[in-house]
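*Asks:* Here is how the chains run, residue by residue.
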Amino acid sequence: MADVNLIVDGKKITAPAGALLIEACKNVGIEVPSFCYYPGLSLQGACRMCVVKVEKMPKLQTACTTTVTEGMIVATDSDEVRQARKAMVELLLGNHPLDCPVCDAGGECELQDMAFSYGAAESKFMEAKNHKEEQQWSPVVYFDRPRCILCYRCVRVCGEGMDVWALGVQNRGVSSIIAPNQEDHLDCEECGMCIDICPVGALTSGAYRYKTRPWEMNHVSTICTHCGDGCKTTLGVRQCDTGTEIVRGDNRDKSGINNDFLCIKGRYAFDFAYHKERLTQPLIRKNGKLTPATWEEAFERIGKRFREVRDQDGGGAIGVIGSNRTTNEENYLLSKFARVVLKTNNVDHHRTADYPALAAALHGKPGKTASMRDVLTAPAILLIGNDPTNQHPLLAWQIRTNVRLRRAKLYVINSAPIKLRRQAAGFGLVPAGAEAKAVAFLAGDDSLLDSLADSKIADGLTRDAWIALRETIRAEQNMVIAFGSELRAQDIEKLAGFASTLTGAKLICLGDYSNSRGASEMGIYPDLLPGYEPVTPADKFQKEWGNLPTEKGLSLLEMMDAAKAGTLKALYVVGSNPVGRLGIDPFVLSKSFVVVQDMFLTETANIADVVLPAANAYEKTGTYTNTCGDLQLVKKAGEVSNTKPDFEMIVRIADAMGSDVSGLVPFGSGTHSDMGQTRGAQSGEADRHAVWLEAHNLEPKMTPFDPMAILDEIQRLVAGYDVSRVNLLAGNDQHLEIAASGASSFQDPVLIVPANDNLFSSGTLGRYSKTLNSVYENKSAVPEVAAD
Amino acid sequence: MRFSEEFETRFADMLTHYPTKRSALVPTLLYAQDEIGSLSDEVIQELAQRLELTELEVRNVISYYSMLTTKPRGKYNVQVCTNIACMLRGGEELLDHCKKKLGIGHQGTTQDGLFSLEEVECIGACSWAPAAQVNYDFHENLTNTKMDQILDNYKKKGTQ
Chain A
1 MADVNLIVDG KKITAPAGAL LIEACKNVGI EVPSFCYYPG LSLQGACRMC VVKVEKMPKL
61 QTACTTTVTE GMIVATDSDE VRQARKAMVE LLLGNHPLDC PVCDAGGECE LQDMAFSYGA
121 AESKFMEAKN HKEEQQWSPV VYFDRPRCIL CYRCVRVCGE GMDVWALGVQ NRGVSSIIAP
181 NQEDHLDCEE CGMCIDICPV GALTSGAYRY KTRPWEMNHV STICTHCGDG CKTTLGVRQC
241 DTGTEIVRGD NRDKSGINND FLCIKGRYAF DFAYHKERLT QPLIRKNGKL TPATWEEAFE
301 RIGKRFREVR DQDGGGAIGV IGSNRTTNEE NYLLSKFARV VLKTNNVDHH RTADYPALAA
361 ALHGKPGKTA SMRDVLTAPA ILLIGNDPTN QHPLLAWQIR TNVRLRRAKL YVINSAPIKL
421 RRQAAGFGLV PAGAEAKAVA FLAGDDSLLD SLADSKIADG LTRDAWIALR ETIRAEQNMV
481 IAFGSELRAQ DIEKLAGFAS TLTGAKLICL GDYSNSRGAS EMGIYPDLLP GYEPVTPADK
541 FQKEWGNLPT EKGLSLLEMM DAAKAGTLKA LYVVGSNPVG RLGIDPFVLS KSFVVVQDMF
601 LTETANIADV VLPAANAYEK TGTYTNTCGD LQLVKKAGEV SNTKPDFEMI VRIADAMGSD
661 VSGLVPFGSG THSDMGQTRG AQSGEADRHA VWLEAHNLEP KMTPFDPMAI LDEIQRLVAG
721 YDVSRVNLLA GNDQHLEIAA SGASSFQDPV LIVPANDNLF SSGTLGRYSK TLNSVYENKS
781 AVPEVAAD
Chain B
1 MRFSEEFETR FADMLTHYPT KRSALVPTLL YAQDEIGSLS DEVIQELAQR LELTELEVRN
61 VISYYSMLTT KPRGKYNVQV CTNIACMLRG GEELLDHCKK KLGIGHQGTT QDGLFSLEEV
121 ECIGACSWAP AAQVNYDFHE NLTNTKMDQI LDNYKKKGTQ
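From first to last, the protein sequence lines are chains A and B.
Heads up, the final residue of the first sequence is numbered 788 in the numbering used here, and it's a clean run with no missing numbers.
Heads up, the final residue of the second sequence is numbered 160 in the numbering used here, and it's a clean run with no missing numbers.
Treat the hints as calculated values from the structure; they're not laboratory data.
These numbers were taken from a predicted model, which means no experiment stands behind them.
One should not assume that every hint holds.
[Stated by the list, open to error] Reference excerpt, derived from the structure (chain B facing chain A, CB under 10 Å, subset only):
hint : residue
1    : L53
2    : T54
3    : E55
4    : L56
5    : N60
6    : I62
[Stated by the list, open to error] Computed Cβ-Cβ distance ranges for the label pairs, DEER-style:
hint : chain 1 : residue 1 : chain 2 : residue 2 : range
7    : A       : P101      : B       : G108      : 42 to 50 Å
8    : A       : D77       : B       : P19       : 37 to 45 Å
9    : B       : K157      : A       : I457      : 51 to 59 Å
10   : A       : P417      : B       : S38       : 30 to 38 Å
11   : A       : G173      : B       : S38       : 18 to 26 Å
12   : A       : P749      : B       : Y65       : 57 to 65 Å
13   : B       : D41       : A       : R209      : 30 to 38 Å
Idealized CB from N, CA, C, for every residue including glycine.
Required output: the full structure, derived from the provided sequences and hints.
*Replies:* Below, the structure is given as structure tokens:
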């Protein structure tokens, strides 16, 4: 539609036809105040704060419900308008308590700002205020009724945004109140969106209330450390006895791929860092007991033993297990450390999705993966397997928002009637484990139709309905196809093949944990180096890293077998809990020298010979790659004294082993290097890293503990990672191209063990979050996750 | 939860009147209340399920309308109008008289469960003020004596 011209406050402006007046004004920098209007939610017209004078219209109009028309003449700040707004504020303040000095929202309250702007200092009301005690609706949601100004934002975001519909409005007129769905408490997903969106302090969070004043915090925006979606969370931090404490998480500035969305984990589950069992001292096993020790002692012990094993039994006697939650830099460094220093390819991690299969399927086919942002704008989405509502809350939010606001078509193929079915235009229920059959059917294999259209499946589709669904899906253009870990190896290849027959289809592979994609891409595999480069011939990395072992190493399970057989003499576990999460018998490791870096004494740390207290992702800097392949910056927000980032610990172990750290982390040498200008027999080899830095206008890093030095190397060497550094530092997400990766081979599908986390669990980490546990205890009906 | 056949016929018919199911909520609530006496948790659960709403949404609507109630009322709900015309013609005195006679206040119910009393806004019978409504029946040009008689009649009818 053509743009329309209108005049606002004497200024000629243009706006797209059909735009709301309030948005048209906002776009040209004219602020029209409002409480109930919220972009993306349905229109309410309840608060009357956005009234403006439109010429030739008899009364003041609400800018949030008026669409722009050609030739409209609007005044947003006339005396009449100001008078009306002032009166509205006066009415709102009629029963609003003036407890701003102790209110959580004080200082960032929209009503406070309005009272400041319109100065309703007088009140004609003489009546006593109607006070009601505050109510606790759930472990994280508190409601202070008199503070509520009835903007209905919470009701709408809970219903329309979250599709939970746990909040409503009861009674009528002045006695209207916001009510939870279970009379006096909430039964909901505990996302905290209602608290976040509340313009005043009516809804407050159990995690943050009465802890601090907003202006006493510093704010650091970083990436959530829980699921693989990569939401940006802005952490409010302040100094405390033991370092820097995180007191709040939100994304009110709407930066990042998640806009203002966060689930309970991103919003509240940073509290594991302050759990009383947090390790803040290295532990060494002495006389069979883990005993506190100094860092020097610990590193010396590890360095000595690792070197002994390597020199006597060879690198093949050492195993390395990486993490799904450490940064790309740490994973890259670990992968490099294992190959270069430990001389082993026995490198693996707890795999939750088959990213190498995706890399293999899309090798040399650029533009075939979707970013998290694409999910919000794609005209159609096909979801195969997984339950995003529980496992990928942001993905579910993007899908719901897209369906609601842009009428995207959602097709779901799942073995359970998952919640997103409510948004689906087509739903195919398949028997458990038959997702791959559905993919083959979509790709044209009609022989599987009988097993899919089995009449024994209650609510299943008939043969004709399956064929109709396939036809509809095949006709969709620019569709995003997201699939869970139900599809592995050849199934992914089949799906990618099917996707390539559609116009503009893009894939998303869904894995658990915040950086499982990063762990994959940084080569935490026995047969893959960073960028899915196979260990043989590995020309690129042989040249860059030096002499590397070329034999395929042991997978995690093979390492355990080797440990049992007594041939795995040492095991280095970084931020992982294979004993607890993968059900490994701890006795298997009794003969090996085990080093564990973790925050807590996990089941794995418990049997270790040396335990090093690690910093978590909120306490360090680096980058994360989310499950879609969006690269984002992780920034240090909190700090707990006497813990170290995994990055520093890896470097210190390499140092304690007597190896040259500068061969591991490129630092410091830039200014003296041969920039490649010299020629001839006498010239040294050009310092490729220094040349790359120079070409990208980057400074050489000064210490081996700076993860940015490894980021330089990642960007230089890992296919697809050469994205704009400036954009990365600015906090923007950048989608990576997987097509440039090495042609990796298929992995054994058995090695993939999905985390099966739900909204209130998060692997081993979740056990140490008081908030998540309190919600669990509150939901007695929800079954406990088995043995975590 | 079982309703009478009459209710079911009405309900089925009601659904055909609206483009969406949820629109049938208010009349359905009224029919259910007439039949059951009040909108119990069980009724709310049943209707929410039938109309594809959350129980919370059903409760929200009930709480909005003063004619809908979740608490059981007496067999005869005496609604005395005290709006302007009735007030000028003695509606408030009539309400006071009822309170005394029945021994209950506004929105109270007698011990025997026979009567409930309610002060209501205009019931559209201004020409014959003061007026009162007992369930769906109107009684007009009331005096205290006339009211006594009416209540006695209902009592007789109710205890037979």
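*Asks:* When the hints from earlier in the document are held up against this structure, which numbers fail?
*Replies:* When the structure is compared with the hints, none of them turns out to be violated.
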